[in-house]
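Peer 1: Please construct the entire structure, taking both the sequences and the accompanying hints into account.
For reference, the chains in residue letters:
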Amino acid sequence: MAIIERPVPATVAGPVAPTVTPSSSLGVFRRPVTSSGWTSWVFTVDHKKIGIMYGVSAMVFFLVGGIEALLIRAQLAAADGTVLTADVYNQMFTMHATSMVFLFAMPMAAAFGNYFLPLQLGARDVAFPRINAFGFWSFLFGAIFINTSWILGGAADGGWFMYAPNSGVPFSPTNGIDMWAVGLVITGIASQTGAINLIVTALNMRTRGMSLMRMPVFTWMILVVQFLLLFAIPVITVALTLLIFQRQFGATFFSVDAGADPLLWQHLFWIFGHPEVYILVLPSFGIISEVLPVFSRKPLFGYPFVVFSGAAIGFVGWGVWAHHMFASGLGPVSVAVFSVSTMVIAVPTGVKIINWTLTMWGGKLVFSTAMLFAIGLVVQFTIGGLSGVTHSVAPSDTQQTDTYYIVAHFHYVLFGGAVLSFFAGFYYWWPKVFGKCLSERLGKWNFWLMIVGMNMTFGPMHITGLQGQPRRMYIWTEERAGEGFFNIAFWNRISSIGAFILAVGILLFLINVVYTHRRAPIAPLDPWDARTLEWMTTSPPKEHNFDSLPTVHALDEFFHRKYEDVGQGDEHDLRQVATAEEILAEQEANADHHIHLPSPSYWPIVLAFSLPIIGYGIVFERVIAIVGAVILVLAMFGWALEPSVADDSDYDPPEPEPGTGLATVGSTA
Amino acid sequence: MSDAGAGRPADEKTPGEGAPDLGNEPADTTNTVTETIDEIPMGGVPEPGATPTVDTGEERTHLTDMPEETADRDAHGGDAGTTGISNNKLAMWLFLGSECLLFGGLISTYMLYRGRHSGSLGPDQIYDLPFTSVSSFVLLMSSLTMVLAVSSVARGDIRNTKLWLCITALLGATFVGGQVYEFTTFYREGLGFTTSLFSSSFYTLTGFHGVHVTVGIIMLLALVGMVSRDRVTGDRSEVVELVGLYWHFVDIVWIVIFTLVYLIPA
Numbered sequence: 046m047a048i049i050e051r052p053v054p055a056t057v058a059g060p061v062a063p064t065v066t067p068s069s070s071l072g073v074f075r076r077p078v079t080s081s082g083w084t085s086w087v088f089t090v091d092h093k094k095i096g097i098m099y100g101v102s103a104m105v106f107f108l109v110g111g112i113e114a115l116l117i118r119a120q121l122a123a124a125d126g127t128v129l130t131a132d133v134y135n136q137m138f139t140m141h142a143t144s145m146v147f148l149f150a151m152p153m154a155a156a157f158g159n160y161f162l163p164l165q166l167g168a169r170d171v172a173f174p175r176i177n178a179f180g181f182w183s184f185l186f187g188a189i190f191i192n193t194s195w196i197l198g199g200a201a202d203g204g205w206f207m208y209a210p211n212s213g214v215p216f217s218p219t220n221g222i223d224m225w226a227v228g229l230v231i232t233g234i235a236s237q238t239g240a241i242n243l244i245v246t247a248l249n250m251r252t253r254g255m256s257l258m259r260m261p262v263f264t265w266m267i268l269v270v271q272f273l274l275l276f277a278i279p280v281i282t283v284a285l286t287l288l289i290f291q292r293q294f295g296a297t298f299f300s301v302d303a304g305a306d307p308l309l310w311q312h313l314f315w316i317f318g319h320p321e322v323y324i325l326v327l328p329s330f331g332i333i334s335e336v337l338p339v340f341s342r343k344p345l346f347g348y349p350f351v352v353f354s355g356a357a358i359g360f361v362g363w364g365v366w367a368h369h370m371f372a373s374g375l376g377p378v379s380v381a382v383f384s385v386s387t388m389v390i391a392v393p394t395g396v397k398i399i400n401w402t403l404t405m406w407g408g409k410l411v412f413s414t415a416m417l418f419a420i421g422l423v424v425q426f427t428i429g430g431l432s433g434v435t436h437s438v439a440p441s442d443t444q445q446t447d448t449y450y451i452v453a454h455f456h457y458v459l460f461g462g463a464v465l466s467f468f469a470g471f472y473y474w475w476p477k478v479f480g481k482c483l484s485e486r487l488g489k490w491n492f493w494l495m496i497v498g499m500n501m502t503f504g505p506m507h508i509t510g511l512q513g514q515p516r517r518m519y520i521w522t523e524e525r526a527g528e529g530f531f532n533i534a535f536w537n538r539i540s541s542i543g544a545f546i547l548a549v550g551i552l553l554f555l556i557n558v559v560y561t562h563r564r565a566p567i568a569p570l571d572p573w574d575a576r577t578l579e580w581m582t583t584s585p586p587k588e589h590n591f592d593s594l595p596t597v598h599a600l601d602e603f604f605h606r607k608y609e610d611v612g613q614g615d616e617h618d619l620r621q622v623a624t625a626e627e628i629l630a631e632q633e634a635n636a637d638h639h640i641h642l643p644s645p646s647y648w649p650i651v652l653a654f655s656l657p658i659i660g661y662g663i664v665f666e667r668v669i670a671i672v673g674a675v676i677l678v679l680a681m682f683g684w685a686l687e688p689s690v691a692d693d694s695d696y697d698p699p700e701p702e703p704g705t706g707l708a709t710v711g712s713t714a
Numbered sequence: 054m055s056d057a058g059a060g061r062p063a064d065e066k067t068p069g070e071g072a073p074d075l076g077n078e079p080a081d082t083t084n085t086v087t088e089t090i091d092e093i094p095m096g097g098v099p100e101p102g103a104t105p106t107v108d109t110g111e112e113r114t115h116l117t118d119m120p121e122e123t124a125d126r127d128a129h130g131g132d133a134g135t136t137g138i139s140n141n142k143l144a145m146w147l148f149l150g151s152e153c154l155l156f157g158g159l160i161s162t163y164m165l166y167r168g169r170h171s172g173s174l175g176p177d178q179i180y181d182l183p184f185t186s187v188s189s190f191v192l193l194m195s196s197l198t199m200v201l202a203v204s205s206v207a208r209g210d211i212r213n214t215k216l217w218l219c220i221t222a223l224l225g226a227t228f229v230g231g232q233v234y235e236f237t238t239f240y241r242e243g244l245g246f247t248t249s250l251f252s253s254s255f256y257t258l259t260g261f262h263g264v265h266v267t268v269g270i271i272m273l274l275a276l277v278g279m280v281s282r283d284r285v286t287g288d289r290s291e292v293v294e295l296v297g298l299y300w301h302f303v304d305i306v307w308i309v310i311f312t313l314v315y316l317i318p319a
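Going line by line, the protein sequences match chains A and B.
Per the numbering used here, the first sequence starts with residue 46, numbered consecutively.
Per the numbering used here, the second sequence starts with residue 54, numbered consecutively.
Treat the hints as calculated values from the structure; they're not laboratory data.
Source: prediction; values computed, not measured.
One or more of the hints may lead you astray.
SDA-like cross-link-like pairs, simulated, lysine to any residue; straight-line CA separation at most 25 Å [what the hints assert, rightly or not]:
1) B/Lys215 to A/Pro688
2) A/Lys489 to A/Phe479
3) A/Lys489 to A/Leu555
4) B/Lys215 to A/Val678
5) B/Lys215 to A/Leu686
6) B/Lys215 to A/Met681
Stretch by stretch, here's where chain A covers chain B in the computed footprint (C-beta under 8 Å, at least three residues) [what the hints assert, rightly or not]:
7) 139-151
8) 216-226
9) 252-266
Calculated from the model, a selection of chain B residues having no Cβ within reach of chain A, i.e. all distances over 12 Å [as the list claims (entries may be wrong)]:
10) Asp177
11) Gln178
12) Tyr180
13) Phe184
14) Thr185
15) Val191
16) Met194
17) Val229
18) Gly230
19) Gln232
20) Glu235
21) Phe236
22) Thr237
23) Thr238
24) Arg241
25) Pro318
By construction, the Cβ of each residue, glycine as well, lies at the ideal position given by its N, Cα and C atoms.
Peer 2: Set out below in structure tokens:
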């Protein structure tokens, strides 16, 4: 469609006029330009600070979701539980899933992606730093918005997939589902902008020599996930919008009594929902594909296979959504097709597991905590994957639908997949981000408690599920608990005990964080003998990431700079030719003189702040929405008219001495 | 929003020295791996002949990379995007790609519900084809004027750029005005938003499109303002092209909607 494919040379317009953009936002405020204190975080556009803020927020919602899970398990620990009422129980499992999926796993992946994708690519920041900041703030405000429903009449209670008719006003008269839907649209905006941003970054901002097939697997998987987000988020946005229209404006999109199709919501939701599963788990595949080679002292086995199987999962992931709907009466042809495609998608996943196993095969394994978590993922995810294959067989799946067997399955793939790898990532990258290694001794305890806890919690659910215990049921009764080995009373108790062991494990992690930051010494520059570019800078990295942007000659560039292969033929004999310190010193000696960094800005947080205001307006009082919309428009224009780099006059003192670091930003503009 | 990129950040001098020198004293934590790495079987196997692992970094390099070509391009390109497309334009294309799914969802919903009006007004009774055809024609013509605006700004012709942008916005506004008139007429005839599944999905789909056109008009008018203040010069003139991409996309979506909603009999 583009008529002109290349930027026009400036010469046709005569001499380029000097930019006359106002430096102050709307001519009133000075740009926020401090590099310390709370303003340096709130108005930052630095991908590393945004990554850390994503991580901290996600961790908070992980704890919130965890407390919700513990309440659920407390309720189910004994027959006829009395901890929660049926109504509160419904809200609890809905919000547990919402917190864990949308407010923990997705933003935690965004945290890792934001922090490490530019570093692994050898870039100084993402392509759109202000949009990055906007994405974080709209995620955070959207997440808080959803959770305020607890105090505004009750949270959503229709299950995280919010099937009709339970999502209708007659079945859920509180504002919980409205706020859930609006809040998810807001966090969806965050994912959407983040996806565009990271795709452009990965495609366009790679350093010299960083071809696509030299990108680290983590970066590859994040790239695939962003494409999934890009195309999945609009679909859920449509579904949520229709739901809001139904609940707020009297439409009947999902009311069967008004002639609506009962499957419309299910299709829209799962066309988003199944890619969402891979959105949750592919970043984890990326993380452990970084961790396993480093601690196996070998390159990743079959790098192209790992990359392309990840991409294949991304494609096939769009063709399996109806396996969530086998019990809804789709008809034999649809069921057969989706059954087969679901079996097919197990293949690229299996390829990855084989590659990880062969990466470890014959390696000099170092059982650090990060490595333990990575191996834990391979084992636990495989178990979850196998129970997943049993779901692809439609007759079997119709028996398992809506039982705890399903709950067991997706907790093995999501907890055993996503969560374990996040912890592997924490232990592996902590020295990079904070300059200190987390305690390995506490880490081992953390790992084993979590592994034991998760297997005790979710393992028995296979049994209770096959015995027919339904999901989302607030009590079970002694009379129907069964006999002997299959007595669900026993297994429910084990599950509940396991959940609390799991909680202790996660508590140990938090203790580890506090302990590390108080006691631990500064970590060495390259504590794990790592392989990728993010380790080729200081820990924590400087604001501009690299003093001189590295030129990449090979996959695992950093490793190849440290070691030389002096072996003959198929023999490999590696000699260390440089240390990380020497490589860094060389980089500092050749530092670039003109480093371009964008300036902080007020507008991302202001723009993001307008979204929940509009949300409250839609749910409660339309006038508030108009106020929010005014802020939205003002913020958009303020943003668009603001240059990406602040003017000199915004700095204090206005005329800094040359060469004093960040204070000279923009002086040559 | 996608024109807000800071993809081309301006100057900042940051001296390479003086960085925090964390990590220069190797602390003796639990990790002592750095000492024992003289011989690492990278990609190989410890015992020769045990497994045919040939997966070394170097071999992959030969298989998949084109160092010379990359080096060549970088020598010329400086910090131009690796793909040769600017960050802003790539972002706009991605955004439009995701918009396809948004309209895809809405169109599917409409197609599912177009026949469900349970005796009340249906598509065949309500649509005024000649009227909508004219307003569709107006919208499609606005794509032509948008092209002329992009072409003018490429030639550095400020006066014509402003002229064509204004005309594009005017044509767009005519279309939106037509839609408002159409909605009002339908409402008077008894087709409210909640009348039937057909009416809800019709208003939602065409309403979403109308909002997109309206946002496009606001962007066009903002562009006129920016051109007047000489802020769309040189490299920045690409912003006109970006708005053009959006505008053409909205037009194309209307072609699909017009065909599926109005032309195909229910």
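Peer 1: Run through the hints listed earlier and report the numbers of any the structure violates, in increasing order.
Peer 2: Result: hint 8 breaks, nothing else.
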